[in-house]
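Keeping their order, the protein sequence lines are chains A and B. Residue numbering for the first sequence follows the numbering used here, starting at 7 and increasing by one per position. Residue numbering for the second sequence follows the numbering used here, starting at 2 and increasing by one per position.
Take the hints with a grain of salt, since some may be wrong.
[To be verified] Pairs of lysine-lysine, DSSO-like flavour, derived with a Cα cap of 27 Å:
no.	chain 1	residue 1	chain 2	residue 2
1	B	202	A	136
2	A	129	A	141
3	B	202	A	129
Since the hints were made in silico from the structure, they are not lab data.
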Amino acid sequence: MNNFIASAFALVWQEAATPGRWQTIRQGVLEPDLSKFLVIAALLFVIGVAGVLTRRNIIVIFMSIELILNAANLNFIAFTRYLQDTGNLNAVAGQVFTIFVIVVAAAEAAIGLGLVIALYRNKETIFVDKIDLLKW
Amino acid sequence: MTLAGWEAVFFWVFAVAALVAALLTILARNAVHSALFLISTLVSVAALFVLLGAEFIAGVQILVYVGGVMVLFLFVIMLVNVGAEERGNEMLFNRPAQVATSAIFLVLLSLGFIYAIRQGYEGLLARDNLITQDQREESATRRRVRQQDLRPSATGTSLLSTDTQLVGASLYRFAALPFEIASVLLLVAIIGSVMLARTTKQEAATDDLETARDEGLVNRES
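Isolated chain A, as found in the complex (with noise of 0.2 Å):
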């Protein structure tokens, strides 16, 4: 265990104290890019993923699912700046498959709802590890 923990800690000092390291994480952080933000979208998702498998609370795994969506929105978004910046292809098309994504989003939260009342008015629970009908 010490002599994994004493691995980590080399590891870590090898990265840290390549030459030029740090003048990179600082400009990194003076001039976010396009890596930050799909970073950030990355976080996003998987904090969406944590609320939908480990919450009880069917409401809150719909507003995870929400998360994830935005998640992959601000992908769409950063890449099309990206396009617009360096290239020279349709440079909206990110925007206009984002509209989508949150149409789609909006039909989903409608319908996923109707369920949830429906489901309540059946079971008298919103709990999701106490519906088990379907389970044997």
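Let chain A serve as the given structure and place chain B on it in line with the hints.
Frame of chain A; chain B shown alone:
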């Protein structure tokens, strides 16, 4: 593509706000608090959209999500009883084994994401290096000229973005059929949620008149 100066400051502020509010969304005990934290996440993400030059999408995000979907969520939270979870009588999360499994899975997933983004970003940088300096300057100049050509707003304090115009033109020229399909999808969603949310009495009244009359659920001839 880099943000600089105040744009960078606002990027970090809104990025951290979005992440913290997203974490609180899935950790809050009260479902209404969850909804409010989700609203702040959505607003922060809309601010990131503005930083990326997508003003129209930011407006749509606030109007549709915050104004429409989240109000729907709050209504449903009001309709169903979540008091037991709020008071702490009910567990918030699944059983520990499931939570531990999903935590391990998520740590691996996020490590994989960060690795993939670093690798893919090097590929993007290699692609950037293929673009000549001339092309880079040309697109930077194009962007600057586009910004200078913007009309000032009525108060003269800001410039009117052409983003909406571009998105609209692109939407109707390249995505007219998906646009129509989306409207049909919304119609189906409206009808479907009305069908789903009927009470048993309403269901009986429309579906099976004979049985309903026999059971006395409807008393008038219709």
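Each hint, compared with the structure:
1. Between residue 202(B) and residue 136(A) the CA atoms are separated by roughly 25 Å; this keeps the pair inside 27 Å, and the hint holds.
2. Taking the CA atoms of residue 129(A) and residue 141(A), the gap is near 15 Å; set against the 27 Å cutoff, the hint holds.
3. At roughly 17 Å between alpha-carbon atoms, residue 202(B) and residue 129(A) fall within 27 Å of each other, so this suggested pair holds.
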